[in-house]
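As you go down the protein sequences, you meet chains A and B in turn. Position one of the first sequence corresponds to residue 15 (the numbering used here), numbered consecutively onward. Position one of the second sequence corresponds to residue 157 (the numbering used here), numbered consecutively onward.
None of the hints are false.
Partner residues aside, some chain B positions facing chain A, computed with beta carbon under 10 angstroms:
| no. | residue |
| --- | --- |
| 1 | Y167 |
| 2 | F170 |
| 3 | I177 |
| 4 | T189 |
| 5 | K218 |
| 6 | A222 |
Quick look at which bits of chain B chain A covers, simulated, 3 or more residues with Cβ under 8 angstroms:
| no. | region |
| --- | --- |
| 7 | 157 to 165 |
| 8 | 181 to 188 |
| 9 | 223 to 229 |
I should point out that these hints are in silico values taken from the structure, not numbers from a laboratory. The structure presented is a predicted model; accordingly, all values stated were derived computationally and were not measured. We put the beta carbon where it would ideally sit given N, CA and C, even for glycine.
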Amino acid sequence: MLDLINPSRIFNLIEKLINFINSIFFVLLIIALTFALVLSPPDYLQGDSVRIMYVHVPSAWIGLASFTAIALLSILSFVFKIKNLNLITKSIAPIGLLFTCIAIITGSLWGQPTWGTWWAWDARITSMLILSIFYILFILTHKLIEKEDKANKVSNIIAIIGLINIPVIRYSVDWWNTLHQPSSIKLDGTSSIHPSMLLPLMLMLLVLLLYCALILLMKYKTEIIRIKKKNIKRI
Amino acid sequence: MIQNFISMNGYGFFVWLSFAITFLACGIVYYKTYKTLKKYEKDFAKELDQLSEAERKLVLEKSKVASQFLASYNKSI
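Please model the complete structure; the sequences and the hints are all you need to start from.
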């Protein structure tokens with residue numbers, strides 16, 4: 015299973031996947047934007063400001079999922095000492111930071127017309143801000159520590175500590191009385207969102223996930239080339 | 157109708173700015189990632205090119221990634 019992430023096995027596949035995503039991306043983006051901005055109905059309470067949800071919610075999900083993936087891969091890397099996993103976590107981190115920042119900014123833009131404020135030190139919003147700090151620390155570790163092994167160790171520890179924040183973000187709206195609304199979409203089938211809004215949301219999620227895959231593949235390929243370039247002299 | 161679509165019933169500023177920030181940020185990250193990848197590819201190809209015939213043969217034999225890279229890079233240029 016772990017052999018599947020072996021660079022020499024998947025190098026050609028990465029190129030093919032990048033070309034495939036590039037070929038379908040813009041068509042899907044136009045479809046998703048048409049649904050999000052034109053075809054989906056305004057909310058009966060929030061009016062057209064609800065359309066911000068189509069970028070805010072997928073971004074927040076991706077920010078959370080990326081850090082969870084980084085933390086789990088860091089644990090695996092810590093236990094099994096697999097260097098390739100560190101290349102993957104290093105490639106995921108900027109994507110996670112990007113989407114966490116987008117979630118915070120679009121959340122602020124949604125908060126102003128809905129709550130009448132750009133920012134509140136609310137449990138959900140504050141824990142998202144803490145998540146972005148963990149991402150920054152993770153990325154800075156790789157930039158500032160020159161010895162790769164040490165950088166990997168420190169960044170793995172940061173990711174594992176940061177994992178504690180993930181359930182706090184997820185359940186903050188249930189544990190505390192927050193300004194942020196509780197989740198409208200639940201995996202157990204008790205979602206309170208109408209299908210006419212769920213469809214554009216899922217389409218936007220798909221488009222943003224494809225974008226993440228594209229960036230991840232390009233960054234992973236860059237990392238592989240960087241390592242191989244370093245190894246040429248050794249050979 | 158177009159006026160309504162742009163103004164989004166008074167929420168246009170917030171909605172359009174959210175989408176603009178999202179896609180602008182994604183565009184910038186894509187551009188930077190693409191540029192970095194191309195730079196590394198170019199440097200790696202140049203480094204392989206500067207090796208002597210025997211050295212290059214050894215590298216390509218030992219590194220599957222280097223041989224796959226060179227094949228796809230030569231195809232793309």
